[in-house]
Amino acid sequence: MAIFRDFSPIERDRAVEDRRRHRQLTEESIKRNLADILSEESIIGESKNKKIKIPIRGLKEYRFIYGKNVPGVGSGDGSEKKGDVIGHDDNGQGKGNNGAGNEPGEDIYETEVTIEDIIHYLFEDLNLPFLERKKFSEILSESSHKRSGYQKKGITPRLAKKRTVVEKIKRKQATIKSLREAELEEEIGRFPFKEDDLRYHRVKETRKRELNAVVICIMDTSGSMDQAKKYLARSFFFLLHQFIKMKYLNVEVVFIAHSTEAKVVTEKEFFHKVESGGTYISSGYKKALEVIEQAYNPAFWNIYAFHVSDGDNWSEDDNKAIEYAKKLCEVCNLFGYAEILPGVKPSNIKYKYIEKIKDHNFVTTTIDKKEDLWPALKNILKKDSKEG
Amino acid sequence: MDYTLADLQKWGDKIEETAKGLGLDFFPQEFEIVNYEDMLAYEAYVGMPSRYPHWSFGKAYERLKTLYKYNLSGLPYEMVINSDPCIAYLLKENTLLLQILTIAHVYAHNDFFKNNRLFKEGTDAKYTVESFKNHAAMIRSYINDPSIGYESVEKILNAAHSIKLQITRTVGEKILTDEELRQKLIADYKKKHVNYSILEPYKPLEPPDLSKVPLEPQEDLLLFIMEYGELAEWEKNLLEIVREETRYFIPQIETKIMNEGWASYWHYKILQKLELPSSFYLEFIKRHNEVVRPVLGGINPYFLGFEIFKDLAEKYGQEKIFEVRSLERDQSFIRKFLTQELCVNLHLFEYVKKGNDYVVEEVADEEGWKEIRNTLSNSAGMGMVPLIRVSDMSRKDKTLTLEHVFDGRELQKNYMEETVKYIVDLWGHPVLLRTTLNGKNTTLVCDENKKIKYI
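Sequences listed follow chains A and B, in order. Heads up: the first sequence runs through residues 1 to 388, numbered per our numbering. Heads up: the second sequence runs through residues 1001 to 1455, numbered per our numbering.
Read the hints as simulated data drawn from the structure, not as lab findings. There may be inaccurate statements among the hints.
What the hints assert, rightly or not - Quick list of the computed label-pair ranges, beta carbon to beta carbon:
hint, chain 1, residue 1, chain 2, residue 2, range
1, B, Thr1339, A, Glu17, 19 to 25 Å
2, A, Phe191, B, Glu1290, 23 to 29 Å
3, B, Asp1425, A, Lys369, 28 to 34 Å
4, A, Trp314, B, Gly1149, 53 to 59 Å
5, B, Glu1233, A, Lys60, 27 to 33 Å
6, A, Lys81, B, Glu1290, 27 to 33 Å
7, A, Lys81, B, Gly1317, 33 to 39 Å
8, A, Glu316, B, Gly1428, 33 to 39 Å
Even for Gly, the Cβ is constructed at its ideal location relative to N, Cα and C.
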């Protein structure tokens, strides 16, 4: 006779180790794809919870399989006729896509990660230590919420209990009154709350203007800025934006792309625009000054402007660039110039900046490879925390 | 849980009695009642209580969990492994009726394992659990060996897994030694020499090349690499383990439709004989219908196998189906017993992909049904695995030449390239693969540095 046993002779959750390894490989694969993510997706101004789909390489279990042109057999409802279209292959989930014993295509092709994960991976990839957020947290403490009146919709923690009871009583009284008017002598027993009775505190957010900050990203999009440079530029702006966000409740980002002319662009355009021809750095600075004048009064806004370029400027523009850079220093909390992957020749413009601009809130840095990002950022932020 | 172990024991005994009475012949049976998490783990490790570590099992676990979470796949009611005694896992959360149905289902699987030719000749049920345990212990010892370590083991396993199904398909076939093969080739040559036709002009026959490696195309890729490659002893052992475990699973792959059909046929018969209380009867019919219902657009092996066995039993009696379960595999089972009548009743159709659309190519009419039957038969079991074999090894530079035996179905290009790279991981020298792509004969060349080109 059969034996029935009510236990597992193996250790609990035996798959733990293999699952851990699988996740580890998945993460490595994500890291390998970071360069693609940073140069393809809009992430800089996005919320932490935005999900990004990324392809996972290296986790497929490759073997010899047949391609998609292989016929299959399926069962139908009897109404099928020759030539009927029974499914599409847009997402691989057509009606006719489960042929007999047809396994390929079952692999997980992509995974979703959030921006927060990406920060995590990026910091890991760059070997950056995690920053202590505490350092800046006092500055945030002044944000305030004021109650002002009631509203019918809201979140549970803001339920106005007293007011809700009042609403219910009002409704009960009205019911009694109308019953009496209709001369119906009806006893009202239980009188439960209704959705309609619920009231919530309306909360007005009062923002302190001086807690606002704007990051102005200025990038050289001339032909010489290639994919590798853009990856570094993007990582640089991304990390910078993360830092600034730790200090302020409300951070806005403005993207200015320039070659010989400058334009305010979206994040997507910022990183995908490729222009040919030369570079007038001054045009970018001029645009930044315009933007500040129109929208970001330095009296209320903390302004951070950063310029990333490969330093390949037309020399006739150099003096103008220095002049505008000085003006930027006057209105910004911090103005930085980051030179990315300079060519073989040492760049004139950085040298000139260091020579001519003596403002205490001006910084320059050079980024040759991704390992330089962290020292470069530290360098810049050291300057800023002294100011703060 | 609406039952106790004693309930299961009571029903189990009754089922066993009934199954025996109906003519089923099985190994001693053991059941283990496990929870949902354990069941997922058993499924990920294909039922084995012990298995060597590899991330692909972790991936399988996560995948199964996700599928169940999003309700894309039903909960597993049971899991049976081919061993003596036969071990089956039952899901704790099942209702009593579901346990009864599952227990009956398991006894039929057990009978199938014990009597089907492929399992009888291809596996050794007595040592199944033990040998998987030994393999796991051996691989763990390599992982713990500081001169080898996890990553080196993983690299070999990744590569070995990629070609594990490129193995001899004929279960129980004796592998000839090189000397025996040589004798055979010489004998064949002599025979042809003597038996030439006197009506045709005499043409000298090429004598067989007896120094060639391999003498005849070799289907067993892992075996060939173990023999002629330059692997360390521990690496060879890893390949041997992967190869042996695969051989254990081949009969399962080859008889999926028969095995599930057989089990469904018998759980139905057994439950009808059990004199179930009327409160159980409705659930029984409902559950049974869930198991053997058609999958729209696909093939449900439970459904197809059940219908064919039912048809055979009705037409030729019970004797016949016992004979069929002993001798056949899915390919021959379908080729011999899937009739036009069944194709029509089951609404089978054949589809192909045209552009991005799946289009009905054949329906079960006078001409179409044969096409449907052949396609289904050709793609059943190992028919879904492309046949790749070693055709030549250069003695000079060790270049390995593989050939894809083309039957009209082309290989998926990306998977083919990545798999060949894995073979280079094991072989260490250039690998060539002759195949057909877009209707043209093509050779893929992958050098030691895994650079790929086509010639």
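Hints, one by one, checked against the model:
no. : hint                             : in the structure
1   : Thr1339/B / Glu17/A: 19 to 25 Å  : 50 Å, violated
2   : Phe191/A / Glu1290/B: 23 to 29 Å : 47 Å, violated
3   : Asp1425/B / Lys369/A: 28 to 34 Å : 30 Å, holds
4   : Trp314/A / Gly1149/B: 53 to 59 Å : 56 Å, holds
5   : Glu1233/B / Lys60/A: 27 to 33 Å  : 30 Å, holds
6   : Lys81/A / Glu1290/B: 27 to 33 Å  : 29 Å, holds
7   : Lys81/A / Gly1317/B: 33 to 39 Å  : 37 Å, holds
8   : Glu316/A / Gly1428/B: 33 to 39 Å : 60 Å, violated
In summary, the structure is inconsistent with hints 1, 2, 8 from the numbered list given earlier, while agreeing with the others.
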